[in-house]
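A.B. asks: Here is how the chains run, residue by residue.
Number of protein chains: 2
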Amino acid sequence: MVAETGIAAELIDLLSVFVIAAGVGVFVAKIGRFPYTIALLLAGLAVSILDISIDIALSHDLILLVFLPPLLFEGAATTDLERFRRNLWHVLVLAVVGLILAILLLGVVGHFAFGFPLLVSLLFAAMILPTDPVSVLALFEELGAPERLSVLVEGESLVNDGVGVVIFSTLFALVVQSTEAGTELAQLITTDTIVAASTDIVVASTGGAIVGLVTGLAVYQVMYRLDEHTTEIVLTLVLAYGSFLLAEHTLSGVIGDYYFSGVIATVTAGLLIGNRGAEYAMSAQTKISVFNTWDTAAFLVNTLIFLLIGAKTPINQVLTHGRLILIAIPLVVLARAAVVYPITTLVNQFVPKGVPLEYQHIMVWGGLHASIPIALVLGLPENFPFREELRAMVFGVAAFSLVVQGLTMGRVMNALDIVTRSEAEELYELLVGRARAVDAALESAADLHDAGDLSPSVYEDFRVEYQNEKDDLKEAISLLLDANPELRREELLVGERRVLKQEKSALMDAMRTGAVSDDVGHRLMEEVDLKLDRVESGESTVTDRPEEGYEEFWRSRAREFGLESRLEATEADDD
Amino acid sequence: MVAETGIAAELIDLLSVFVIAAGVGVFVAKIGRFPYTIALLLAGLAVSILDISIDIALSHDLILLVFLPPLLFEGAATTDLERFRRNLWHVLVLAVVGLILAILLLGVVGHFAFGFPLLVSLLFAAMILPTDPVSVLALFEELGAPERLSVLVEGESLVNDGVGVVIFSTLFALVVQSTEAGTELAQLITTDTIVAASTDIVVASTGGAIVGLVTGLAVYQVMYRLDEHTTEIVLTLVLAYGSFLLAEHTLSGVIGDYYFSGVIATVTAGLLIGNRGAEYAMSAQTKISVFNTWDTAAFLVNTLIFLLIGAKTPINQVLTHGRLILIAIPLVVLARAAVVYPITTLVNQFVPKGVPLEYQHIMVWGGLHASIPIALVLGLPENFPFREELRAMVFGVAAFSLVVQGLTMGRVMNALDIVTRSEAEELYELLVGRARAVDAALESAADLHDAGDLSPSVYEDFRVEYQNEKDDLKEAISLLLDANPELRREELLVGERRVLKQEKSALMDAMRTGAVSDDVGHRLMEEVDLKLDRVESGESTVTDRPEEGYEEFWRSRAREFGLESRLEATEADDD
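Taken in order, these protein sequences are the chains called H and E. Per my numbering: the first sequence ends with 575, consecutive numbering throughout. Per my numbering: the second sequence ends with 575, consecutive numbering throughout.
Don't read these hints as lab results, they were simulated from the structure. Hints are not guaranteed to be accurate.
What the hints assert, rightly or not - Partial list, computed: chain E residues near chain H (C-beta under 10 angstroms):
1. Ala8
2. Thr293
3. Val301
4. Ser505
Stated by the list, open to error - 20 angstroms max Cα-Cα, derived SDA-like pairs, lysine to any residue:
5. E:Lys30 / H:Gln285
6. E:Lys353 / E:Lys30
7. H:Lys30 / E:Val222
8. E:Lys312 / E:Ile49
Glycine included, every Cβ here is placed at the ideal spot set by N, Cα and C.
Hey, can you work out the whole structure from these sequences and the hints?
C.D. replies: Structure below.
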């Protein structure tokens with residue numbers, strides 16, 4: 001082979017990575033039920049052990065700037081905002097307070113266990129403890145974890161990276177300062193630095209969220225006015241990287257030397273576009289193209305990142321510092337356990353629907369540590385104290401959490417009875433899913449027909465075909481529900497949610513066109529939101545309405561207007 | 001803005017390019033009927049004139065190694081092999097003999113017209129004359145040219161690049177040799193060099209084709225045994241770049257110092273995978289994912305390449321050498337005309353179905369010269385004779401051919417009556433268009449009325465008027481469809497495609513909000529993909545379902561669950 005330079009050489013390296021990845025992909029597809037990401041990591045480790053060199057430098061910037069934004073954006077865009085909001089308290093308290101407590105705990109214990117200076121030990125804790133959205137997302141998707149559990153762990157890992165990076169930066173500056181000035185470390189930890197660090201965290205998070213919101217809304221507005229799926233793909237691409245870079249690089253340091261979290265900016269923008277954007281600003285074609293593109297992009301980046309982490313693990317250093325790693329692994333898991341259980345139990349007291357204990361076990365065991373810690377440790381400069389030890393420890397803990405925690409996760413979930421769906425439930429989902437698709441098809445055919453794009457006779461063919469299938473589905477669903485009453489309740493709730501959403505959309509239209517004034521509209525809307533909220537938390541508003549005292553706003557107004565008696569009569573007839 | 005270095009700076013540059021591209025995309029979508037690629041080029045030129053610097057170096061390697069393989073692969077993969085084969089003689093003779101003759105012609109005439117030494121003039125001809133698949137593919141797709149015409153021009157441009165690059169390399173070596181040794185140019189053109197050059201062309205083409213065939217078959221075999229769409233995407237990616245690099249870089253020079261054409265390798269591999277591969281080795285889901293991914297990838301690369309060509313046009317050099325460019329433009333078109341007409345007429349004698357004269361006009365005018373010539377001229381070393389002139393001429397001719405030939409192509413086709421639609425089709429479009437306008441009018445009148453901006457009696461007048469027209473239109477459309485069954489079929493397919501996309505989008509929503517779990521959702525999605533795939537290949541899934549044996553997945557699951565007998569009974573009732 002002729003020695004290559006420049007672009008050709010880079011391409012050949014990248015290609016060899018993808019050739020290995022394709023091999024892993026084929027292997028996983030044939031073997032079945034082995035997580036792809038873990039297989040990639042192991043293949044990478046094998047490459048590293050066999051001393052096959054891959055000339056792609058896995059740097060701090062490459063992970064943080066190139067790989068992370070698309071993964072975060074895709075992760076956020078496919079998260080259901082409604083569910084995220086319902087678990088917001090758990091997510092926020094764990095990601096901010098929980099992370100800080102865990103860092104302090106691991107830092108102090110590690111100071112004695114590792115024999116590092118306190119600041120270095122805290123720095124290690126700040127690097128390793130933020131859970132990693134990339135690995136968690138990949139794994140939970142493959143395992144098909146229940147939605148709420150996914151949202152809890154994914155949500156926490158999406159948010160705590162922003163916080164972790166800020167704490168890391170503060171500690172990093174302190175270590176550099178103490179090394180340069182030769183001052184005592186204890187002197188540096190003062191009330192001032194603690195206040196400054198707290199302010200930094202608040203500013204970084206809210207600043208990041210604002211950047212994400214503003215850029216996201218701007219792109220949303222353009223997408224709302226446009227129906228051209230290719231350009232909309234470019235727009236989301238620009239948004240994913242643009243929001244990150246704008247917060248992390250362009251704006252950070254401009255306003256009073258504050259840092260804004262790129263992670264939080266991209267996550268916010270992704271949540272916005274993936275939910276509101278998908279609902280209101282994308283046609284069916286656009287939605288399919290945009291989500292397919294992101295799915296593929298995330299897959300390719302994931303492939304690269306896991307393979308490279310494996311291939312770039314410094315095996316020799318890991319072996320040299322094996323003792324430190326063996327101490328670090330249980331400490332990291334224990335530090336996480338020590339905050340997750342009490343905090344979740346505490347927050348459970350204040351929210352309507354608590355997180356059950358089995359979920360908490362998974363939250364502890366499922367908090368994987370990988371790409372963010374590795375990005376941070378790779379960014380440490382040459383002469384940083386204990387650089388080699390930190391490097392070995394981060395790669396060691398990451399490999400353990402990915403391979404051991406990752407591989408056992410499925411079994412732990414099974415043991416805790418977590419992914420249990422009955423066959424009836426699975427069949428029900430299948431029928432409902434198909435019924436939705438059929439409804440969408442019928443609706444879109446009707447639209448096409450109304451718009452004159454489908455002639456009556458062709459439309460009739462469609463309609464009959466789909467209507468038959470719909471009738472069959474209805475029949476099958478009602479047979480299934482008769483045999484399984486618990487499913488019936490589920491269906492009631494799902495149906496209610498959809499009807500209420502429709503009500504909401506009609507109200508919005510009425511307000512937009514001025515048929516209903518804004519203040520009246522908002523009151524009506526509030527009412528619907530209230531009902532929606534009850535439905536989301538598992539209570540029906542239909543069956544037990546009279547006792548629960550739901551009285552629609554218009555009824556009371558009508559009564560005030562003197563229409564009372566006649567309406568009551570009507571209601572009595574209904575019952 | 002803080003000055004950035006490394007990856008961050010590169011990302012910001014790339015992002016700014018995509019921001020401009022998004023702007024162009026929005027503009028084109030709003031303006032309508034203006035080719036996106038040409039709009040990008042013009043935006044790039046504007047950026048260059050406004051002196052906004054984009055720090056991405058448009059180099060020989062970047063175009064040839066990074067941009068070209070995916071574009072060639074996508075172009076070949078979406079070419080119908082059958083049609084390509086049926087026009088093979090025209091394509092091959094034009095791409096090989098035609099190109100050689102045109103180079104000799106333009107070289108000799110240019111020697112006098114430009115005042116360059118003969119070898120330099122020949123080199124210019126070899127650079128500029130290969131037609132460019134990238135621009136041609138993009139333009140023909142946007143114009144919706146007839147299939148045969150597309151295959152002729154695209155096929156020629158896919159093949160002649162391989163030949164052009166070999167001739168260019170030979171001439172390039174001769175120029176360097178003559179400059180270094182100070183020998184007379186005439187001495188270098190001997191029987192030996194001509195024989196050597198001919199051998200080179202044959203070896204490069206067949207060698208490239210063999211590399212493409214072997215790598216393509218290897219990937220085909222793996223894909224045939226695999227059904228995992230994400231890994232199959234990686235495989236095609238590896239194939240597109242791998243076949244190119246293997247031929248162009250790894251193997252070239254290994255076997256007896258011969259060069260193998262990467263262009264031809266990638267094109268061959270693309271033809272194989274896009275035809276045989278799509279037919280036998282891909283499931284519906286895989287086919288849709290793979291082609292969607294390549295479509296998006298080609299779109300993104302096209303966006304980059306056209307914007308960069310515009311932005312990197314050396315305006316000053318172009319102006320300085322304006323006279324040379326003005327001579328070159330007509331000579332290039334004439335040289336092409338001088339070979340296309342006689343060769344096509346000659347080949348027409350030997351094939352069953354000749355290429356009509358109108359098509360030949362388009363073949364001459366549609367032979368655009370852009371990315372390959374620009375890649376070659378950017379690869380000329382610093383001290384190459386007449387480097388600045390060649391650069392100005394290539395960029396000048398490229399800009400002319402893209403903007404002037406590109407923009408007038410649609411009109412030329414119309415003038416030649418080439419995009420001939422039947423009168424029935426035209427009438428159908430007219431009726432449908434009017435029906436849409438009437439619907440919009442009715443809807444907006446209703447909105448105005450509902451909002452109280454239109455009094456009931458005036459609205460009634462409107463409504464009756466438009467409703468009558470709508471009824472008449474419906475009547476006319478259904479009469480037209482009755483008389484033209486092929487229109488009816490077309491309409492059915494178009495409608496079906498849109499309805500199926502709506503189904504897919506509903507399923508994606510159901511999965512995102514967790515109403516349907518991911519694995520059940522994916523199975524349902526696969527089913528829709530299967531139907532979509534049939535529709536794309538021209539078969540309806542609606543009318544002839546029972547015989548074709550489409551059984552939805554849910555039906556078999558429901559039967560397994562014991563809901564069978566009752567459902568069957570219901571179905572029997574329906575029939």
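A.B. asks: Against each hint, give a clear statement of whether it holds in the structure.
C.D. replies: Okay, the hints, checked on the actual structure:
no.	hint	verdict
1	Ala8	holds, 5 angstroms
2	Thr293	holds, 5 angstroms
3	Val301	violated, 12 angstroms
4	Ser505	holds, 4 angstroms
5	E:Lys30 / H:Gln285	holds, 18 angstroms
6	E:Lys353 / E:Lys30	violated, 41 angstroms
7	H:Lys30 / E:Val222	holds, 12 angstroms
8	E:Lys312 / E:Ile49	holds, 10 angstroms
Going down the numbered hints, you'll see the structure goes against 3, 6, while the others check out.
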